[in-house]
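Asks: Going line by line, the protein sequences match chains A and B. Each residue of the first sequence is one higher than the one before, starting from 1 at the first, in the working numbering. Each residue of the second sequence is one higher than the one before, starting from 1 at the first, in the working numbering.
Derived from the structure by calculation, the hints contain no laboratory data. Keep in mind that a hint or two might mislead.
[To be verified] With the Cβ distance kept under 10 angstroms, some of the chain A side facing chain B (calculated, not the full set):
#	residue
1	Asp67
2	Leu282
3	Ile310
4	Thr427
5	Thr666
No residue lacks a Cβ here, since even glycine has one placed at the ideal position from N, Cα and C.
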Amino acid sequence: MNAPILSTTRRGMLALCVGAGTGLVLGFRVLEAAGKDAAPSAANAEFNPFVRIDGAGKVTVIVKHLDKGQGVATGLATLVAEELNARPDQIVVEFAPSDSRYKNLLFGMQGTGGSTSMANSFDQYREAGAAARQMLTEAAAAAWKVPAAEVKIEAGELRHASGKRAGLGEFAEAASKLPVPSTITLKKPEDWIYIGKSFPRVDVKTKSEGSVNLFAMDLHMDGMLVAVTARPPKWGATLRGFDAAAAKASPGVAGVIEIPQGVAVLAASTWQAIKGRELLKLDWDETGAETRSSDAMFAEYRALAEKPGISVRNTGNGAKGIEGAAKIVEATYEFPYLAHAPMEPINITILYDGASAQFWTGSQFQTVDHGVAAQALGLPPEKITIHTMWAGGSFGRRAIYDAHYFAEAAAIAKAWGKPQPIKLVYTREDDIKGGYYRPAFLHKARVGLDADGNILGWEHRIVGQSILKGTPFEAMAVKNGIDDTSVEGVSNMTYANAGMQVDLHTTDVKVPVLWWRSVGHTHTAYVMETMIDELAAAAGIDPVEYRLRLMKDDPRKVAVLKLAADKAGWSTPAPEGRFRGVALHHSFGSTVAEVAEVSVKDGKITVEKVVCAVDCGVAVNPDNIAAQMEGGIGYGLGAILHDAITLKDGAVEQANFDGYPSLRITGMPVIEVHVVPSTEKPSGVGEPGVPPIGPAVANAVFKATGKRVRDLPFTKHGLV
Amino acid sequence: MIELNINGTARGVDADPATPLLWALRDTLKMTGTKFGCGIAQCGACTVLVDGMAVRSCQQPIEGLVGSEITTIEGAKGPVAEALHAAWVEHQVPQCGYCQSGQLMSAVALLSDTPKPTDADIDAAMQGNICRCATYVRIRAAIHTAAGKLGAA
Ligand code: FES
Ligand code: FES
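In isolation and in its complexed conformation, chain A is listed as follows (with noise of 0.2 angstroms):
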């Protein structure tokens, strides 16, 4: 593993270095000279950037990345309780500065996604724990006048066999003022108390009362002002002129001004602005606008698929051994484009004085975020703050290369010019017709079997959009023209084969495209399992059998397999009136697989039961784990069986929920979760529950009518 170094800017430089055993080396050296601050206080004593005690013995853990649902707060919090025995009722969390220091150690940056938050955490927020731990086990021993070996944390509170005991906060200050540890002591797995045990949520309570000032859009600050902006109707379309006089005149509406991402209308509150916005006369020029078609657009791909792309993987004898196959499976899949639609709409509070500015979000690349902010207004960096939010949702979505909305909320400042806070929201007509999209994806498969079924020859090709081309993250992401988004989950395929050649064409779109909840396994997933289904049947081989058989060497997806199909009661026939599929897909270091079962009346399909199984390493929270499996299950469902973004004239047609509908409590299907035990590593759990959903459902839904939905969503086909 690699050793987590952290730079301090504040405090010095923190370097970690993973020992052998148990024992972690570490050393914490303050530079006097760089720009310390102020030092430890009483109130709230601080043992290292993650880890605050107060007085009262209230510990802060200081999150480092957004938690937007998928419970990473409650995760950090649990790491450090763990390694400090605090209870659950003592710890308290609170977002992370934008700041060096708190970067993702597996992105070299500060910024939550891919599934890593736990991953690169682990070490770090359980070492920061232990570091205070024995910080104050030291100091109590120096008071106590005993080995500072026989002082022990338990239930929260310091004591020694001799009956001596005092609260976490009796020796805070002391302890926090003494030399970081040069040898850190993990706990060992078999005495975690909260590791595996669920500990509980940290947010659920006020999250059950109203989230009273937790998400930005509730913001509400003296003198503050609400823009929305009026956006081009077709991307490359550009402004040739408006008629504000009536917007102007509107109620509430304190200006109208023209920023480079359209024209922004300022108003005492939300809905005055959306009013005031409505009546702008808009003049656009599209002439280098996108006005393709989604059908003229996939036409084009279907004719870019009959040609080879650049070789991605061509390994064993590539396609060669199709031409001899006793048996050829042969299809074509379509994949729209699909919005996040998080359920708190996009928006961001600035106050900024021409000097300084500070921003209010639910942030997720802060680093990304703080650098446009700054460059979009020309400040250097240390004159920008970002305040992270509890987010409302962001499945990618907030997860932004370009950071669009601090740079437009920066552009209204700016032209603005007054120094008062202004509060940037999107409709939810904004965020469907915004962009951003998963991007549309084409995949054409051929495949040849021999007489038992083993795969002689793969041929792959793909057709989309690069997420990466374009961006501040190209070179680091598309090498040789592949960008990995687009070919993940096809490119890595671990079924026993021959040969695979897989080819990709990336496509020139306006349309800007982004990572959705498990990125580009929400089609390779989608592909490779109904695929894999496709072969057992035209092999007479039972599909569970038949992956069991063709990735035999790798016990860790065996056992995940085997786990869900028994659960499932896969080797017993399913109930009458219903029919199960099953899928099974490696991302972001986890295995899902999930049996779906679907029944069938007067031709629409209802998902009735998904039994899901998981091995994402040590399950820090099994309860998290599993609310993350259901999640993932239910928003990739409702992506597959009803969403597009769909193009006319370059014009997005769908604007709200009416359109862009949902999965609601109607369409939930009972959910079955099943953690395989595992001491491997913690790998990622927000994302991988998305990508067997679909093929799961596709399968099934073979099995009861015969039909293979290729083209997404099911609603083309008439079965919902």
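Once you've looked at the hints, dock chain B with the ligands against the given chain A.
Replies: Relative to chain A, chain B with the ligands alone:
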């Protein structure tokens, strides 16, 4: 100035009579427990009770609500609301939490009317409330738990 009865208190609202209750609550009265999700009565994030009925406040101009009793999440008190809060915590229902005010208000209306709801009753009462985090399995379980506690009390 329009006078509304909100959570048992008379509140003067200085806003255009056509303003939807949602925005009067959120922006004029700064009661932000009631959330904005769609603005077109599709998502239920803005659900409040008007004379005990669950309604979408984004579609209710304040001029039509004079004389009605309005209850928002901030004023959801009493045995039904408390049983639901407790069940929401017990089942760890919320993920992002943004939809949950609306979910709870719909659930309060349901249990006030139908103390022992079936799954079909729950579906009917809750289908106007979208949860993009798909916490529906737990919402259903929590409503049953709350109903059980209320029935036993
Ligand atoms: S905001 Fe009222 S129903 Fe969505
Ligand atoms: S909990 Fe996130 S939308 Fe319901």
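Asks: Any hints this thing doesn't respect? Which numbers, in order?
Replies: Result: hints 2 and 3 break, sorted rising.
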